[in-house]
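J.: Each chain is listed here by its residues.
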Amino acid sequence: MSINPELAGRSYPAQEPYVVGREKIREFAAAVKATHRAHYDLDAAADLGHSDLLAPPTFAIVVAQRADALLVNDPASGIDFSRVVHADQRFTHHRPIVAGDELVAELHVDTVRTMGGGAMISTRAEITTTAGEAVATTVSSILVRGEEA
Amino acid sequence: MIDFNTLQKGAQIGSTTVFVNRGDLVRYAGASGDFNPIHFNERFATEVGLPGVIAHGMFTMGAAVQLVTDWAGDPGAIIDYQSRFTKPVPVADPDGTNPSDAPGTAIDIVGTIGALDAEARTARVDLSVSVEGTKVLIKAQAVVQL
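Residue numbers (the numbering used here), protein chains in the order written: chain B, 1 to 149; chain G, 1 to 146.
Looking at chain G on its own, in the form it has when it is part of the complex (with noise of 0.2 angstroms):
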């Protein structure tokens, strides 16, 4: 259990790295029933004008708010969840590879404290979220209630 009175803004509360390749798009489109063909079909992707496939906004959210979870033990505890989605992440298919054993692309997730409310005994988790140091969510903010 996290002690509230321990907590300190500006202190961080972990790291952690996700993988995305095709496998885990084709996925995520089949359980969030999002089936944009920029999330799956390359040429698709390429003719509206993106660099190729690219994640799914929502399966990058979904996916960086684990590192809360852990650090919460009960992802009910997460009351309010937030960002925006700035950049896109792009997920290659290397030659050669089963695009659902791929290594993927890495998004690297950092949690931070960023608020603290002691009357409602909430912590506010800042997420920095980034693809090769370029961040790819801003604003990502999970409200935890403790």
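Bound conformation, chain B alone (with noise of 0.2 angstroms):
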């Protein structure tokens, strides 16, 4: 199986919404050692003039890895998630997440470069609100290894 060179510029439209949970910040901040109050305690989320519990500044991959699984699990695509790696990521937060938030994401896939049997694939995810309004911009890189890699 190969990596469709087609895939360049298509977007997977927003799916059902997450719901971004109070548990779920605190149990992804313990998972990345973060230790700041604003993530654990409301008190110390409103100190900081945030409404409700702070997610921390990578907590946005939880959606924009739901959203490229649209595209991993695509048979389109042509992509074995066996073979893929995580090369970049970058997060670009137009406002902080908070529990309580509903967030829909848009997947885009901005480039495809085949290489060999492989290739390197950058996606785009538009986190918004249900409401449109806009959160956090993700773009991230995989690389699908070819076969005789």
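Since no wrong hints were added, every one of them can be taken at face value.
Just so you have them, the derived chain G footprint on chain B, three or more residues with Cβ under 8 angstroms: (1) 29-38; (2) 58-69; (3) 85-92.
Derived DSSO-like pairs: lysine-lysine, alpha-carbon spacing no greater than 30 angstroms straight-line: (4) G/9 with B/33; (5) G/135 with G/87; (6) G/135 with B/33; (7) G/139 with B/24; (8) G/87 with B/24; (9) G/87 with B/33; (10) G/87 with G/9; (11) B/33 with G/139.
Don't read these hints as lab results, they were simulated from the structure. From a predicted model like this one, the values you see are computed outputs, not experimental measurements. Where a beta carbon is used, it is the ideal one built from N, C-alpha and C, also for glycine.
Build the complex from these two chains, which are given one at a time in their own frames, with help from the hints.
T.: Written out as structure tokens, the structure reads:
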């Protein structure tokens, strides 16, 4: 199976909203060893002007990787997940993510560079609230290793 | 509070070491939803050509930014954060240890001010992230709104 070069320019519309839960923020924060009280304690978050528990800076990956799964699991993409390596990642926050947010992500395949039997694929997830407010833009590249590599 | 006017490009903001063991990887897998078996199964990791179980790149990226959060005082001040994943972070399973209590792999993190934008009042913190002297992240940069 090889990567479909015509993936570039394709987009995948937003799916079911992802509702950001307080316990998920606490769980994710503990998992990345984030210690700031604003991830765990409502008063600490309020002291910084946040309306609810504040998500850690890389929390948007949870929403972004759900969107990426649409591409990876698309039979037309030709991507074998067991050969995927995460090459780079960027988060641009338009505003902080807090508990209670209902987020949706639209996924765009920006570039596909085929290399041998493999490919480097760059995707961008535009994360907004269900009301349409811009929250974060995430960009990631995955390297799909070729069979002979 | 950080006084923007006292900041200097090239100045170090601090350094820290984060330890990661197999228990941490299981915890991160569950919290993030990234269940790629290369992060918890030695046989599978070796069969796909890795030296063994490796940490999620996003674990390392997520843990490294704590240094910037501590410096900025507000995790919400980090408006942009990026990294490339260059080398895997191997996480061993030492004989005779409880995988959740094992000392784990040491990830050394040093933060330096890489750029200042006086108009936007932002500082870019460049993170040097290494394991036993080998860089595991490159171009790890966090932009902080001050």
